[in-house]
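**Student:** Sequence:
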Amino acid sequence: MDSAQAEKIEEEFGDVLFALVNYARFVNVDPELALEKTNKKFIRRFQYIEDKAAEQNKALKDMTLEEMDALWNRAKEME
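Take the position in the sequence shown, starting the count at 1, then add 2; the result is the number in our numbering.
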């Protein structure tokens, strides 16, 4: 992908984000608060993965995607 294509994709992605923010306001959702909650949820889940990996004496870089996905799904179930 050349820089012109990357620039166009970035511009279109920005348009999508802008539309989502407008939709959030339309349905009475605070988009900033929604993003903050999502970030916190991601951090909780990722910390769960890190903790469980440490309990198994594994480094994240040495885990397979399937192993990490399984832990991610367990973290989701706990919420």
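It is worth saying that the hints were derived from the structure and are not from the lab. Note that beta-carbon positions come from the ideal geometry of N, C-alpha and C, so glycine has one too. Possibly wrong hints are sitting among the right ones.
27 Å max Cα-Cα, derived DSS-like pairs, lysine-lysine [said to hold, decoys possible]:
| no. | residue 1 | residue 2 |
| --- | --- | --- |
| 1 | K10 | K43 |
| 2 | K54 | K39 |
| 3 | K39 | K78 |
| 4 | K54 | K43 |
DEER-style ranges, computed between Cβ atoms [to be verified]:
| no. | residue 1 | residue 2 | range |
| --- | --- | --- | --- |
| 5 | E69 | L35 | 29 to 37 Å |
| 6 | D4 | R46 | 33 to 41 Å |
| 7 | E12 | K39 | 31 to 39 Å |
| 8 | M3 | D64 | 37 to 45 Å |
| 9 | V18 | E69 | 15 to 23 Å |
| 10 | M3 | R27 | 28 to 36 Å |
| 11 | F44 | F20 | 36 to 44 Å |
| 12 | T66 | L35 | 21 to 29 Å |
| 13 | A72 | R27 | 18 to 26 Å |
| 14 | A26 | M3 | 27 to 35 Å |
| 15 | D64 | K10 | 35 to 43 Å |
| 16 | E9 | A56 | 23 to 31 Å |
| 17 | N59 | V18 | 27 to 35 Å |
**Student:** Run the structure past the numbered hints and jot down the numbers of the failing ones, going up.
**Tutor:** Those not satisfied are hints 1, 7, 8, 9, 11, 12, 13, 16, 17.
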